[in-house]
Amino acid sequence: GDSVTQMEGPVTLSEEAFLTINCTYTATGYPSLFWYVQYPGEGLQLLLKATKADDKGSNKGFEATYRKETTSFHLEKGSVQVSDSAVYFCALSGGTGFQKLVFGTGTRLLVSP
Amino acid sequence: GAGVSQSPSNKVTEKGKDVELRCDPISGHTALYWYRQSLGQGLEFLIYFQGNSAPDKSGLPSDRFSAERTGGSVSTLTIQRTQQEDSAVYLCASSAQGARGTEAFFGQGTRLTVV
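Chains as they are written, first to last, in this note's numbering: chain A, 1 to 113; chain B, 114 to 228.
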């Protein structure tokens, strides 16, 4: 079945550092790809998405590019802030023709001042 | 309502008791998901409802778990004879299906503690 693999956390960075969280996927079809974020004490919310190869999703300074050739959707940000501390989940849907969301295990990001 | 609503927000129950968790999705959303998030773990898929289609129950961990969705709207997740390993946050999400890349909206979750 479809699956998503994320790098294990926690990822610990200083403010203004560059962030990469790796995400790769396995899907039999042509999925849409997502990053969701869960801030402390809050529910999951969509951060960004991409629906076709070479699309770049972006939001709040975060970016991720849909790479079909490497089945990846790595999350990047050029300069993290303390307020970016959260758990980030990579996800896909539509891999097998259905829209069920399949999530990775999540990566906790801790940003210190 | 404006978003996905789950109740109760917290539930403490004794081992062996049955519990019901409720989810009110966003009006008009045809897809509804239940996930479980244990402490320090990722999101574990439980069940997926899509319109009038048969639900995808492939993630339910045992026959103690069941879920219904009445009238294509409200959903109830039932856990019978609860065990301590059932302690987790149970998340519900809904989405409007059809287009690629449709976003799922999550509720705040129900934190279940089995003592």
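Honestly, the hints are just simulated from the structure, not real lab data. The beta-carbon is built from N, C-alpha and C at its ideal position, and this holds for glycine as well. Mixed in with the good hints, there may be bad ones.
Claimed, not checked - Ranges of calculated distance between the beta carbons of each label pair, as one might list FRET restraints:
(1) A:Glu69 <-> B:Gly184: 23 to 33 Å
(2) A:Leu110 <-> B:Glu127: 44 to 54 Å
(3) B:Glu127 <-> A:Asn59: 40 to 50 Å
(4) A:Glu76 <-> B:Gly172: 26 to 36 Å
(5) A:Glu8 <-> B:Arg135: 30 to 40 Å
(6) B:Gln193 <-> A:Ser14: 44 to 54 Å
(7) A:Glu15 <-> B:Gln193: 43 to 53 Å
(8) A:Ser14 <-> B:Gly141: 38 to 48 Å
(9) B:Gly172 <-> A:Asn22: 36 to 46 Å
(10) A:Glu42 <-> B:Pro121: 10 to 20 Å
(11) B:Ser179 <-> A:Ser14: 24 to 34 Å
(12) A:Gly61 <-> B:Glu127: 41 to 51 Å
(13) B:Pro121 <-> A:Glu69: 40 to 50 Å
To be verified - Only part of the chain B face toward chain A is listed, based on derived beta-carbon distances under 8 Å:
(14) Ala144
(15) Tyr146
(16) Gly155
(17) Leu156
(18) Asp169
(19) Phe178
(20) Gln210
(21) Thr215
(22) Glu216
(23) Ala217
(24) Phe219
message: Quick check on Phe219 of chain B please, does its C-beta sit within 8 Å of some C-beta on chain A?
response: Holds. Min distance 4 Å.
query: Was the hint right that Leu156 of chain B lines chain A, CB cutoff 8 Å?
result: Holds - the Cβ of Leu156 of chain B comes within 8 Å of chain A, reaching about 4 Å at its closest.
message: Quick check: does the Cβ-Cβ distance between Glu69 of chain A and Gly184 of chain B fall within 23 to 33 Å?
response: violated (45 Å)
field: Gln193 of chain B and Glu15 of chain A - C-beta distance against the hinted 43 to 53 Å
entry: At 48 Å between Cβs, range holds.
message: Tell me if the interface restraint on Asp169 of chain B is satisfied: Cβ within less than 8 Å of some Cβ in chain A.
response: Result: holds, 6 Å to nearest chain A Cβ.
message: Within 44 to 54 Å: is that where the Cβ-Cβ distance between Gln193 of chain B and Ser14 of chain A falls?
response: Holds - the Cβ-Cβ distance for Gln193 of chain B and Ser14 of chain A, about 49 Å, lies within 44 to 54 Å.
task: Mind checking the hinted window 38 to 48 Å against the Cβ distance between Ser14 of chain A and Gly141 of chain B?
output: With Cβ atoms ~44 Å apart, the hint holds.
task: Would you check whether Ala144 of chain B satisfies its interface hint, that is, whether its CB is within less than 8 Å of any CB in chain A?
output: Result: holds, 6 Å to nearest chain A Cβ.
message: The hint says 44 to 54 Å between Leu110 of chain A and Glu127 of chain B; measuring C-beta to C-beta, is that right?
response: Taking Cβ atoms as reference, Leu110 of chain A and Glu127 of chain B lie about 36 Å apart, which means the hint is violated.
- request: Under 8 Å, Cβ to Cβ, is where Thr215 of chain B needs to be relative to chain A, so tell me if that hint holds or is violated.
  value: holds (6 Å)
query: Per the CB criterion, is Gln210 of chain B less than 8 Å away from chain A?
result: Holds - the Cβ of Gln210 of chain B comes within 8 Å of chain A, reaching about 5 Å at its closest.
task: Take a look at whether the Cβ-Cβ distance between Glu127 of chain B and Asn59 of chain A falls inside 40 to 50 Å.
output: holds (43 Å)
Hints 1, 2, 9, 11, 19, counting from the list given before, are not met by this structure.
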